[in-house]
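Line order of the protein sequences matches chains A and B.
Each residue of the first sequence is one higher than the one before, starting from 36 at the first, in the working numbering.
Each residue of the second sequence is one higher than the one before, starting from 10 at the first, in the working numbering.
You may find that some hints are simply not true.
Interface residues of chain B toward chain A, partial, derived using beta-carbon atoms under 7 angstroms [claimed, not checked]:
1. Pro15
2. Leu52
3. Leu54
4. Arg55
5. Ala93
Label-pair ranges, simulated between beta-carbon atoms [what the hints assert, rightly or not]:
6. B:Gly18 with A:Val954: 58 to 64 angstroms
7. A:Ala941 with B:Asp72: 43 to 49 angstroms
8. A:Arg847 with B:Thr88: 57 to 63 angstroms
9. B:Gly60 with A:Arg620: 52 to 58 angstroms
10. B:Gly18 with A:Ala187: 19 to 25 angstroms
11. B:Gly18 with A:Glu502: 22 to 28 angstroms
12. A:Gln556 with B:Thr84: 35 to 41 angstroms
13. A:Ala941 with B:Gly60: 33 to 39 angstroms
14. A:Leu650 with B:Asp81: 31 to 37 angstroms
15. B:Ala41 with A:Glu989: 42 to 48 angstroms
16. B:Gly60 with A:Asp395: 38 to 44 angstroms
It should be emphasised that the hints constitute simulated quantities derived from the structure, not laboratory data.
Just so you know, these numbers come straight off a predicted model, no measurement behind them.
Backbone N, C-alpha and C fix where the C-beta goes; we use that ideal spot for every residue, glycine too.
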Amino acid sequence: MSRARLPSGGQIDRARRLEFRFDGRAYTGHPGDTLASALLASGVRLMGRSFKYHRPRGVLTAGSEEPNALVTLRSGARAEPNTRATVAELFDGLEATSQNRWPALGFDAMAVNDWLAPFLTAGFYYKTFMWPASFWERVYEPIIRRAAGLGALSGRDDPDDYDKGFLHADLLVIGAGPAGLSAALTAARAGVRVILADEDFRMGGRLSAEAFALGDQSGADWAAGAVAELADMENVRLMPRTTVIGAFDHGVYGAVERVADHLPIPPEGKPRQTLWRISTSRAILAAGATERPIAFADNDRPGIMLAGAMRAYANRWAVAPGKRVALFVNNDDGLRTARDLAAQGVRVTAVIDPRADAPDPGIDGARHLPGAVVTGSAGRLGLDTIIVRSAQGKEFRIDADALAVSGGWNPNVHLTCHQRGRPVWDDALAAFVPGPDLPAGMTVAGAAAGTFSTHGALHAGHAAAAEALAALGHKAPAPDLPQAEDAPVTLHPFWHVAGKGRAWLDFQNDVTVKDVKLAHQENFRSVEHMKRYTTLGMATDQGKTANVPALAIMAELTGKSIAETGTTIFRPPYTPVALGTFAGRARGRAFKPTRLTPTHQWAEAQGAVFTEAGLWLRAQYFPRPGETHWRESVDREALAVRASVGLCDVSTLGKIDIQGADAAEFVNRVYANGFAKLPVGRVRYGLMLREDGFVMDDGTTARLAEDHFVMTTTTANAVPVFRHLEFARQCLWPGLDVQLISTTDAWAQIAVAGPQSRTLLQRVVDADHDLSNEGFPFMACGAVTVCGGQRARLFRISFSGELAYEVAVPARYGQALMERLMAQGADLGVTPYGVEALNVLRIEKGHATANELNGQTTARDLGLGRMVSDKKDSIGAVLSRREGMMREDGLHLVGLRAVNADSRLAAGSHLLERGAGAVAANDLGWVTSACWSPHLEAPIALAFLKGGARRQGETLRAVNLLSGQDTEVAVVSPHFIDPEGERLRG
Amino acid sequence: MIIHHPLLGPRDAQEFTYLGDATLIDRPDAMAEGALEAFDAYLHLRDNPAGTHRELWYHEVGDRSWLVVTRDTRTHEITQVELARDVALSKGRGR
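Only chain B is shown next, with the shape it has when bound in the complex (with noise of 0.2 angstroms):
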């Protein structure tokens, strides 16, 4: 697989490292009310579509950018790439 970096272009799949769901970005409020149930969400609630697939990659052996990729998993291919960090700026992530 070829995954093409904002910054640094085409780079081979083996470059990076996966994680999983680009929803990990959306961290719950700890302090909030229902905080719990929130984490028990966050991180054990995922869909699984056969199709668009928005995921988590980290650029290890290259310039440790984190990535979201967006990605068709019955095809492989792939639509989109950000920086996750401009994802999560504009999803109001900040402080």
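Bound conformation, chain A alone (with noise of 0.2 angstroms):
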């Protein structure tokens, strides 16, 4: 079954076979395979079709570089798009399916578009698509996303978790090639916390692609053995499948770790991937480099890749690339792919190198050709012949069913640009290397920093090591390094061969040279034009392959040098991440924290309906048997309350303790009215300004001791306010004495409210509390017992107009206090209300809530005005008294009432005249909250007017344009019920 496996080598488990599908046919591979090299060895070189030109691709190369050989990886619900095969681990019953074709990979009726080429060069669709504008989204966008593009989400949730977790070291090592385990072993052998982290599955870098030996072990062998020490040891964690994709401020990493992405489904309990964040002292940089290919005709066939790739196919995996490979190298680096092949029975047929000089690799059968050229390939879905151009010019055809290419190799320098570093050009390498301003606590070694000999990289790693060891205060102990081969890199650069035809440069983009050259003639040549003209570099390879090479084509035709040409920067993420290891555990009901009532179990069993309101779940009203609309069971409790008492859970609104000798200081400071001299035992309404002048808050503060009070806020603003407070206490008046907690979730508060309030709480609060209206009148607070000595807070405060309490127990006596008031009163017809007939008795009553407090709200229009003490400073009243606050013709709040009771009347809605057209020029104001008084029997509303206080008896239109209504209001004061406050004093 295996066509192109090799009959020996390889770090695979031959002993063991796992079936997988590709596009529905079954294969088989090894424990050790990947997706690539398993679909390889069963001699599949067609993986998908390009993104814009829908063109044959095969795998070019052997890592996370990967532009070409994207799948989508699984099925169903767990459909993963855009996987690279050369990094999907094999695993039992894998399936996988190409992309961007239809109807099948063989035959792909979009490859039209590679015949329409000509017209779809770079800027194709600005230039085109232009005219009529408003085409743009409706007929053009959609039909070229159809056309383009690659794999498709499943549209379902996902069934996996995906995890968050925070992690610690001295040293974080990046890459576990040479350089990275070396640094690696001489950091933990000298007893730091050490974390190795590597994006492949098995550990050792290109030691695990490479045929060299280090001292007298394999490069895998060593890898192996460095590997079994680290992790023998208790200061180091090996992190394999784990890319650290950005380097963030402070030392603080980000790290992918795909903990399950190598089994069919993750274990119970195991989240599929870990978003990690290691925060750590030092950071070693040894993510290697990345082979970059030469650009000539048509050299996307599947069959050709990289040198190097092939060379770790071979290697790593025992996969013969071909039955005649031909070689386009201009490095003696990628000689070694010839010997390589070679020495594991492959046949070469030829070794074409650009370099007039170039070393003759002396492979038996091999053509060897100094000065030559590949001109262009043929071959159908695949590659069957390669043109060559000699060092004579005389061009001919040789086959080859595989070409291995390699212009060089450029260091992975990407996450040393991550905190605005800049590479810099090396001549001598003639590649980017990382430049000085690196993240503060980077080293860089190995391939990474441009050190690419295998001895060179073990060394720059023990050094990196030492002296990241010196920085934290400790010795390196000496180096034990192997013998490890240390050729120079000899390169001749060389970045295209000229000539017709479309030469690739951005795989995933579809980029050409000529889209390069377009750019240039059209003036967009500065590295950062040339990337948007061309969306080269722009895919999610961020153009690993393509940058380089184009930047140099792009140099020789301005005429200037690369380094002056310059570098597009890299920015995190490294390769590319799926949105759900960003959102971790935080998705659906998960995605935040849900706030419960103390009487939320007891609601739950009166079959409450609920509302969020902010974090919280608060009941928004109890239907009883028999009613069927929502309106019928507000307008009973609503009315119940007016008539009898009803029972509110209030406990989400803010309550912050403030104590000290100067805690009434600071709240008069903090409130817009007087508080200083606020008796103990009272309550008071506060306003709180923003020191802008506009309202931030209000809500009732109450005085227990002479040096302790609780201030309520509103249940959206609990935490700004307590914020606010904190602010002015540390920073503005730091000398008063006071302190401030949050308590909040520490008291149940539970509303009575009704004319049988005070009846209803006798029965409840112990009998040596006088609850008469002379020993507790209106805005009393104090202790109480409850219950028979347990102890409580009463407030005698009223949101609904009537005569009305607030009773607080501590948290956990919540539901049982609830439910003794609920049994005491139940001949007085005692009735639980939620925030929906809250509101309706709020809005009756004139009181504003945060839909009138949206902070563009003055206390002035709010009708609050005089509150504003000038007598003192409190933070706010000097900008309230700005001129423009000032306005006569300002907002004030009034009450609007339908005219016609039938009629609708929504929030939301702009007040006009009678007869003004629906235009913003004619807008008075808008309506803040609306309901269906059932006191009144007509629907009701709060609302900002312009001038609105000299407004009253004035009849005018609420128009809302979303719904169609248009509905007479008369203006009218915003109490609509008992406006003298008799029944709350009562």
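With the hints as a guide, bring both chains together as one complex.
Below you can see the structure in the form of structure tokens.
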């Protein structure tokens, strides 16, 4: 079955077979394979279609830089599009499908785009689909998106979990090739905490892919020994299958660990992936290097791959890349591929090397062609012939079903750029190397720093670790490194073969040499302009194989050096990351925490319908049998409060405990109205301004003792108000003797509202407390005991306008208190009410809530302008007196009552004169809160109206263009019921 | 980002809420002559330096300390972290 698998060698477990499917066909591979190596071993070269031209594509690389071999892995809800086959670890039962083809990978109707290529060059869309403008979103873009593109999402919920975690280290080593392993060994032996992360499932980097020895061992065996030593050390955390995706501020690195991507489904309780935030004192970047191709006509045919990748497939995965292999390389490292393939018994037919003085690798039966270039390729759905031009200028064809290409290697400088570092051009290496401005604490070692030999990498890793250890205050142990190859970089820069035909630079975004020439011709010559005009380097591979050749070509065209041309830089993430990994567990119901009130379970048992208020779930209303519409329940609850007594859990209001000798002075400064003289045992309404003079919040504050206040805030502002008070306490008046603590969660608070509220409370509050109107008048407060000695606080405050109290007990007794009040009030018709009825009651009374306090409201708008004291300094007082905030025609809070009780009135409606057109110029204000008033039997509302204080009695229109409502309303006082306040004082 | 809290040591920036320029500590005297202009300047006029910036951070999911963090806006390097209370006291703020 394994047509291309070599008879021996490789780091695969030949004793075990793994079954997998690609586009529905069954194949087998072995543990240790990637999907790419297993497909290649099975003779499959065609793995995908290109983004724009639908060209047949196979693997170009053997790593995470792969631009071509993108597949959809798994199926159903677990389908994961755009997975690189070169890093997908093979498992038994793996299913993969090719992308961006119809009807089949072998016959793709959209390949017609390839024939249209002359029209589809860079900038084509911008130039062609310009008119009419409205067609872009509706017509052109959907068509183009359907034709171009990669894999599609399943559209279903991902059934797997993703986690996040924090790790701490003295030294993070990124990459477990020769430099990384050497660095990790040195640091670990010195005893510091080391994390060694590598994106591969097998640590070793290029040591796994090369044939040469380290000392008397193979590279792979030496790496395995080093990993085994590290694995035994308690101060080391080995993280294979972990990609360090970004270098962030202050030694923080992001890393994605693919915990279960190599398994059919994650084991019970395990996430698929974990996003780690690694905090480290020092980091060594040993990320290796990426080989770059040489551009020539039709260089994207399946069978053409990078020389280092081809060598990796042969050495690590025992895959013969073809039966007749040719090479097109401009450097000595590429010649290794010829030797390694020949040593494995693969037939090498030609070595084409543009260097005139190219050394002959001496392969039996292979033609050595110094000074020659490959000018083209042929073959349907895969390579069968290359066209070669000799040093003498003679063109001829060579049979080859595989071609290894190497234009040299680029150090993986990506993470050095994440803190705005700029790589610098090194002429000797013909490559960008890390610049001097690295992220703080980072050292670069090995090929990532341009040290390409194995000997150099091993020693650079040791030296980098020694430097890090010195910075950490440790001494490095003496190096214990094996003998290794130390070949110099021998390369003649060579980027592309001039000639007709399209030569690919960016395989993933289908960008060719011609596109770069067009960018130059149209004056998009800076690297940033070229990138955006051609989209080169903007695909999911960030142009790892494409950028440098393209820069070199632009440099040629402009007659500048590559150093002068410069480079674009890289941003996190290093490789693509699934959005689910960033979301972690914060999705669905776990997206944010849910806060439950102390009486939540009781309300549930009563059949309450709940609504979200910030993080809280609050009872919205309590439907009774026979009630079919929420309004029936809400009307009943509101009327019950006005007629008898109702109960509502109001624990969600923010509660801030304020204590200290200067507590009164502090409260007096954070509220706009006076609090210094509030007597002990009394509550007062407080209006809080921001420093800019607008209203921040309001609430009631009780003075429980000379030096003890309890402030309440609106539910929504509990956190911001507390933050604001701490700012005032610590930053503005640090000399005041005052302490703050939030007690929102400590107390359950129940509103007991309605004419029978006193009667009910007298049955629950212990008898030694006098609740008579004289003994406990409106706005009284104090510590009491309930239910036979349980400590509680009682406040005589009213949001509904009725005789009302709020009673607070420690949160754990909240439900018991609610049950006791319900039981004791049965004969009074006690009725639980939800936030919907609460809202009706407060609109009827004209009390403001968050709807009115929207951050643009002044005290004057609310009709509370006179509350802002000018006799004292309080936050916001000065700027509340600005000219613009004192305008006579400013907005004022008014009440509205629908003229026709059958009409509808909605919050958000705008107010207009009768007969005025519904345009912004005629706008007089808007409705902030609206409800059906069961008490008045009419739709009523609160609204902000220009000059509203003077307009009572007028008739206006409330217009809602969204719902098509146009309702006549009378402007009235916002106090719809009991404007004199007799009920609440009774 | 990591902020070295003077009391609690290195803490992740996620634990903090950012407010802005530390000159917000220098609240003018509301009862003095020209208070309106002084408050306008206090609230609305800020320097926006490319470089060293002293700014207020609040350890909201920690110990609720307000901190004055000295940060280079170009590099995010943090060179000093103080309790805002100490800074305010040293500037002569008291009662």
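Structure versus earlier hints, numbers of those that do not hold, lowest first: 1, 3, 4, 8, 9, 10, 13, 16
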